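The listed protein sequences correspond, in order, to chains A and B.
Under my numbering, the first residue of the first sequence carries the number 1, and numbering increases by one thereafter.
Under my numbering, the first residue of the second sequence carries the number 119, and numbering increases by one thereafter.
Don't read these hints as lab results, they were simulated from the structure.
Given the structure is predicted, the values throughout are model-derived calculations rather than measurements.
In this text, a Cβ means the ideal position worked out from N, Cα and C, and glycines have one as well.
Please note that a few of the clues may not be correct.
Subject to a maximum C-alpha distance of 27 Å in a straight line, what follows is the list of computed DSSO-like cross-link-like pairs (lysine-lysine) [stated by the list, open to error]:
{"no.": "1", "chain 1": "A", "residue 1": "K49", "chain 2": "B", "residue 2": "K213"}
{"no.": "2", "chain 1": "A", "residue 1": "K69", "chain 2": "A", "residue 2": "K58"}
{"no.": "3", "chain 1": "A", "residue 1": "K58", "chain 2": "A", "residue 2": "K68"}
{"no.": "4", "chain 1": "B", "residue 1": "K213", "chain 2": "A", "residue 2": "K58"}
Calculated Cβ distances over 10 Å to all of chain B for the following chain A residues [said to hold, decoys possible]:
{"no.": "5", "residue": "T55"}
{"no.": "6", "residue": "S70"}
{"no.": "7", "residue": "E71"}
{"no.": "8", "residue": "A86"}
{"no.": "9", "residue": "T115"}
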Amino acid sequence: AQSVTQLGSHVSVSEGALVLLRCNYSSSVPPYLFWYVQYPNQGLQLLLKYTSAATLVKGINGFEAEFKKSETSFHLTKPSAHMSDAAEYFCAVSVSNAGGTSYGKLTFGQGTILTVHP
Amino acid sequence: ETGVTQSPTHLIKTRGQQVTLRCSSQSGHNTVSWYQQALGQGPQFIFQYYREEENGRGNFPPRFSGLQFPNYSSELNVNALELDDSALYLCASSKTYQETQYFGPGTRLLVL
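Modelling step: build the complete structure from the supplied sequences, incorporating the hints.
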């Protein structure tokens, strides 16, 4: 079975500083990996996804993530934080079958709340 | 293009009652997945419907049931509500079960 661990339930950065949110996954087959963002009292918005193409994935709002198989990691970064980035971020994994297509079920991490200080 | 919509936005029920939550999928999507997000937790997969058939189920009891209609909208039904069922219920739709899931705003259920 697949699982996701997000290191750090809360991360606090200053505006303009680097954002680094950590995600490690466990999967016995090649994974599909996702980052979603959730603003207060809203649903989840897709930031970016890894589906076995390029290991460095660029998403919306200046975020990117790098898939590192040797480290089983998919950390999310942004060079310069904005106040509007304050939200909760979820890493998720969906395993693929032998044909390389996703089974569809998403397994989420516990989430990381990002706070941005002026 | 209309995104995923859910109704109602908020709901208050008492223990033992039954509830039905609704989800309209994005245009062109034939798959709907339901998730439960308890306070302070990540979403947990309940089940998925693909072309009106259940296509996978998470670790939830049978009192959680669902339905998908020919227009690919979906319902989540929960019988015999328990206090622990209080959560945000998220619906996601995708072009097929293999494609990226796009989430609706959720229905917040409070069981008293």
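Hint by hint, here is what the structure shows:
1. K49/A - K213/B: It holds: about 16 Å lies between the C-alpha atoms, which stays within 27 Å.
2. K69/A - K58/A: Measuring from Cα to Cα gives roughly 18 Å; hence the hint holds.
3. K58/A - K68/A: holds (15 Å)
4. K213/B - K58/A: This hinted pair holds, its Cα atoms lying about 22 Å apart.
5. T55: holds (18 Å)
6. S70: Nearest chain B Cβ is 25 Å from S70/A, so the label holds.
7. E71: The assertion about E71/A holds, with a minimum of 21 Å to chain B.
8. A86: holds (17 Å)
9. T115: Given a closest Cβ separation of 16 Å, the condition holds.
When held up to the earlier numbered hints, the structure conflicts with none and fits them all.
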